[in-house]
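Participant: Residues per chain, in single letters:
Number of protein chains: 2
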Amino acid sequence: MSTPGHATSVPDSRVAILAHEKFPDRSKTANGVLRYADREVVAVLDRNRAGERVADHLPAVQDAPIVDSFAAAREHDAVGGIDELLIGIAPIGGGFDESWRPDVRSAIRAGCDVTSGLHYFLGDDEEFAELAAEHDVRLHDVRRPPEDVGVADGRAGEVDAEVVLTVGTDCSVGKMTTTMELAAAAETAGIDTAVVPTGQTGIVIEGWGTPVDRVVSDFTAGAVEEMVLAVGDDHDLVLVEGQGSVVHPAYSAVTCGILHGAQPDALVLCHAHGREAVHGYEATPLPPVGAFVDRYESLAAPVHETEVVAGSLNTRGVGDDAAAREAVTQFEAAVDAPAADPLRFGTDELLEAVR
Amino acid sequence: MSTPGHATSVPDSRVAILAHEKFPDRSKTANGVLRYADREVVAVLDRNRAGERVADHLPAVQDAPIVDSFAAAREHDAVGGIDELLIGIAPIGGGFDESWRPDVRSAIRAGCDVTSGLHYFLGDDEEFAELAAEHDVRLHDVRRPPEDVGVADGRAGEVDAEVVLTVGTDCSVGKMTTTMELAAAAETAGIDTAVVPTGQTGIVIEGWGTPVDRVVSDFTAGAVEEMVLAVGDDHDLVLVEGQGSVVHPAYSAVTCGILHGAQPDALVLCHAHGREAVHGYEATPLPPVGAFVDRYESLAAPVHETEVVAGSLNTRGVGDDAAAREAVTQFEAAVDAPAADPLRFGTDELLEAVR
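Residue numbers (our numbering), protein chains in the order written: chain A, 343 to 697; chain B, 343 to 697.
Calculated directly from the structure, the hints in this document are not laboratory data.
As the structure is a computational prediction, the values presented were derived from the model and not from experiment.
The C-beta atom is built at its ideal place from N, Cα and C for all residues, glycine as well.
Check each hint, because a few of them may be wrong.
Some chain B residues judged to face chain A by a derived CB distance under 7 Å, without partners named [what the hints assert, rightly or not]: (1) D555; (2) V596; (3) Y623.
Can you build the whole structure from these sequences, using the hints too?
Facilitator: So, in C-alpha cells, the structure goes:
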C-alpha cells in the first residue's frame, strides 16, 4: 500500500529552503526540515543573512550555507544537483510574498520540484503552473486537501505496529516536535519507526501525508486512519502527529477526529510550561493538566482503549535548567506518568514509556 | 445580520417534493418538510403512489396529493404558483437518479427554484445550470459547503438566547427530530425560537443553514458559531441540531466541533432504545447511556459550562406504549434528568426542562 495524501520528495534528495527574512526565529518549517528531515539541505535562502551559516544559529541541526537567492544556492552547490525548493516559512495568513517569485521561477527553470505549505497554492499560479509544465517539474501544495479521502472504517487499531499519538493541552505546545524527537530517538535505538504527519510542517519534513485540518470534517478520522493503515503493518512503531486540543474553542474537531481515527495504543500528553489559557483565546483558561489525562482516555476508550503513558513538557520559557527540571517533575506528578522536555533533556524517558 | 450558509426558500413559499418510489418509508427529507417546514406542500411526486394522498400514510403532517410528475403537480395546483421543487429523498451514495431529470427540467422551465441535499450538485449539471440561467431560477445545493466560513472566535456563548444543543449516543437516534419537535412545541408555547440546522435535511426544512459535516475540519466549530451568532440575539431560545456522537469512530470530529462551536447552555441527550453498538460499526459497543452525560459535560466545560437537562428516547422499536413508557423511565434514571419520546409521548417534559 503506497502512502496516501501528498508525496513530495524522496529520502536523500537534495533541497534548498526558502526562509527570507525569517531565519531562524520565525522559520518553523525550515527549522523542522533542518532538524528532522532525511534529506540533504544544500542551502537556506535568507537575503538578510547571506554569508552566514545555519550552524551560527541552530547548533544541533545539519549545517548549510545561507545565501541570498536560489541562483546563489546553485553556485554554492559543488555537487550541482538540487532536487527541490521548499518554502520554509509561512507568513500570517499563508499568502505568497511576491519577493519570492524570482527564486521559485529559477528553481523551476533549473528542473527542481517546489514544495509549499502555504494557503496560496503554487499550482494555481498561472506563471508557475505554465513554467512547471514546460520544465516537467512538480509543484507540491501540501496544504491542498486530497480529493480521495473518505469516511473512517474504524480499522486503524488492527495494524501490527504500536501506535502512539501525541495529544496536547493546546495548540503550539510541542506535539510535532515531540513526535519528531521520539521518531529520531526510536530509529537510533534500532526500532523500525514511521511518522504519520498530519500538518503541513510534518508533511514537508516527512515528504508525504495528508493535511488533516483541511479535509472535509466528516473525513477527519478517515484521513488519519488511511495513513495509519498505510504504514502500520510495515513498522514496529507508528508515531502520529497530533493537532490542537480536545477542549479548544475552534480546533477540537480536528483533535477528536485524529484521536478516534488513529486508534492509538498509547498517548503522549504535551504541554507548554506556564500556559494558563488557550493561546489566542485568553478568556478560556486551560483546565488543570491532570484533567486532560482522563478527558483524552475516556473520550478514546469506547472506540479504542488507550492510556497516557508519558508527558512532554515544553520548558522554553524557563530560564535555568534546575527550574526546568523542577517543572518537569511537577508535570510528571500531574499526569501521573514519566515526563521529559525532549529538546532540553532528551527523550529517554519518553522512548522507554512508549516502546 | 443575515443568516449564513444557504438561503433557500422563504417561509410560506409553495413547494413540490420529489420522492419517487421512496415515499413514505425511505423519504426522510420529504417527511421532515411535510412535518416541520413552514411552507405549503402543493404535492408529493411519487410515481408509485400517484392518486394517493400524504394523509393515507403520514397522519400527523400536512396533507397533500401524491402525483406522478412535476407537470401533474402543476395541473393539480388550483392556485397555480409553485415556488420550489425539493428533492426529498437521498439514495445511498447521494447520486442523482436520471429518472428524475424530466421533473427537474419541468420545474426550472416553470420558473421554480430547485433545492437538493444530494452529493451530486445540480448546479454542476450542464443542462440544469444552463436552463436555470435561461429561466432565472436558483439551484440550491445545500450540501455544497459555503466558501466563507472560518475559524471560530469562541463567542457563541455571548448571545442573549438560551442555546440548547441535541447530542446523541450515536447517529440516527433522533437529534434532528427532537430539535424540530422541541421547536414546534416552544413556538406553540409562545417562546420566540430559532433552529440552527447543521445537516442537509434540517437545512431544507428551515430554508437556511450550513452543512457542518461538509466544511473544512478546521472550520467545524466556526461554521456553527456563525449560525448561532446570526440568530442568537433575535430569539429567546435557540435549538442547535446536533450530529453524530462524540465517541463515533468516524464522525466524532463533527460532534465535537458543534459542541464547542455552539457553546450551548443546555444539552438534550438523544438515544435509540435498544441500540447496543455504533450503527454501521457493530464491533464498537456503545458505552452505558449514563456515561455519555459526563463525557459531553466534561468535554464542553472548559470552553463553556453546560449540562444535560433532558433526555430524548426513540422507542420506535418498542411494540406497546406501556413497554415504551417503561423504557423512558429507565432512560430517565440513566441520564438523571427528565426524558420523553417526543414522537410517541410529546415534548412536555423536554420543553419544561430546557425553557
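Participant: Return the numbers of the hints above that this structure violates; sort them in rising order.
Facilitator: none
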